[in-house]
Amino acid sequence: MSFTLDHQLALAWLRAAAAAVEREQQRLTDLDAAIGDGDHGSNLRRGFTAVTEALAALPADAPPGELLTKAGTTLISKVGGASGPLYGSALRTAGRALPAPTADLTALAEGLRAGLTAVQKLGGAAVGDKTMVDAFEPAVAALERAAFDGFSLREAAALAAEAAQAGARATVPLEARKGRASYLGPRSVGHQDPGATSTALLFQALADATGR
Amino acid sequence: MKKLINTPETVLDDTLTGFAAAHPELTVDREARVIHRADAPRAGKVALVSGGGSGHEPLHAGFVGPGMLDAACPGEIFTSPVPDQMLAAVKAVHGGAGVVFVVKNYTGDVLNFELAAELAADEGIEVRTVLVDDDVAVKDSTWTAGRRGTGATVVVEKVAGALAERGADAAAVASVGQRANAASRSFAVALTAATVPAAGRPGFELPADEIEVGVGIHGEPGRRRERLRPAHELVAEVVATVLAEHTLSAGDEVIALVNGLGATPLHELYLVYGEVAAQLAEHGITIARNLVGNYVTSLDMAGFSLTLTKADAELLELWDAPARTPALRIG
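Chains as they are written, first to last, in UniProt numbering: chain A, 1 to 212; chain B, 1 to 331.
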């Protein structure tokens, strides 16, 4: 059980994220095929495979923020589309906010809030637009609440994963206003957003990594 | 899925290998995934760079050459290329007079080209951007991602490329590109869906007698589904939809592009063009120049898009200027 985010936990988180993307690739692609262009799973898989390789080249004493930053720049260089710059900027911005060898829950929540702000600045999406923000915002809010209430990192990560999952499910009845799905207008209603779904996977990966 | 590929993962690399073999007059950097003019960089010439997801061929690599693009960056299928590619392209073709990006309006393309422009600025290279957003199937609003970039991209790359070739400065090249885009509107209809190799099956299922109206170029469904009707009626709806979002009036001249989406027989495109020409004539609109063929495709989607660009003397003169590219030769 981890109390702070250190090198080991950041590495375990990103590896768990890569494994989750690999495992859920088909599901993400199927969700994307319904309201987008059917490549979200394969694009993220290509990106996270490269992330895993890039992380292996970092020194064992690299601070957690450096791992997140490296993951972000790798995603920007390898994924393309909107998800590359968006996930890449989220991780890069969060990573830059976490320069110390260890980060407590409050620092992690602040870092991810900065990452979310970067995503919203780039993509222009707000909660309810049927995008990754619909999972990202409630997850960060859950971390912030948990930090305020004095929960452990492990408990907070579990709450954030739950909140992200609920946020992703809540995109089903929404009409998309940003991203590829917005081109379908009312026909985007009734489908879960693939970006919100992959964001929920990344927060579940954090919960899994802290639980070990 | 029935496709002439080796594996879905190697589609882009294998395509670039073939493109390089077919076009030794161009330079194909397979490592950086950039196609550029062999004579680049040309000192004092504004460099015109475009790119986007693959699957729209001949867009964009097919328009690299004298009179059009200096470089193109192909992304994975239907996926924007990455900033590293654009930066490599900029460095390969930058001739000291600045760079103009032609970017189709999709969130991913816009973000990646923005990041690339920042990287170029860090290296002291000024980049201007022409955003192409001609597809009237999407309402342009601050609450949406805005209209998509489709067929007008060809017109923008042609006229901006012609002006750049003459030695105009970057502001003028970007300006004429923006003007050509603002003068263009498009709309598309699909008879069948496209199959993304990585997905392995069509993006949507269509009964034999139904069509998707208002589709984009990424295999997603359109605005609505309708019964297939005779081409005369279908073209009437497409022409009316484009004109409703256009500023054209009787007496105007246009550049008309009847574009195949990838799996449309040329005879059907000519048939459609005949209807378009006759129906525009009824509105008092003259087609001054035309293109009929596959220029901005969507993998193996059947259907067509119509792009109308309101013409003026300058745009027509730039349209007629020489271009020597794999997919478009004029003059």
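Hints listed in this document are in silico derivations from the structure and should not be mistaken for laboratory results.
Careful: at least some of the hints might be erroneous.
To be verified - Listed next, the stretches of chain B that the computed footprint assigns to chain A, with coverage defined by at least 3 CB atoms under 8 angstroms from CB atoms of chain A:
1. 88-98
2. 104-111
3. 209-220
4. 242-249
5. 282-291
As the list claims (entries may be wrong) - Reference listing, derived: stretches of chain A covered by chain B, where coverage requires no fewer than 3 residues with Cβ under 8 angstroms from a Cβ of chain B:
6. 3-13
7. 60-66
8. 148-161
9. 170-180
Stated by the list, open to error - If you want the ones that stay clear, here's a sample from chain A, every Cβ over 10 angstroms from chain B, calculated:
10. A20
11. E24
12. G41
13. T52
14. A54
15. A100
16. T102
17. D104
18. E110
19. A114
20. G123
21. D208
22. G211
Cβ atoms here follow ideal geometry from the backbone N, Cα and C, with glycine treated the same way.
Going through the hints against the structure:
no.	hint	verdict
1	88-98	violated (count 0)
2	104-111	holds (count 4)
3	209-220	holds (count 4)
4	242-249	violated (count 0)
5	282-291	violated (count 0)
6	3-13	violated (count 0)
7	60-66	violated (count 0)
8	148-161	violated (count 0)
9	170-180	holds (count 4)
10	A20	holds, 18 angstroms
11	E24	holds, 15 angstroms
12	G41	violated, 8 angstroms
13	T52	holds, 17 angstroms
14	A54	holds, 14 angstroms
15	A100	holds, 27 angstroms
16	T102	holds, 31 angstroms
17	D104	holds, 31 angstroms
18	E110	holds, 24 angstroms
19	A114	holds, 18 angstroms
20	G123	violated, 6 angstroms
21	D208	holds, 26 angstroms
22	G211	holds, 32 angstroms
Of the numbered hints given earlier, the model fails hints 1, 4, 5, 6, 7, 8, 12 and 20; all others are met.
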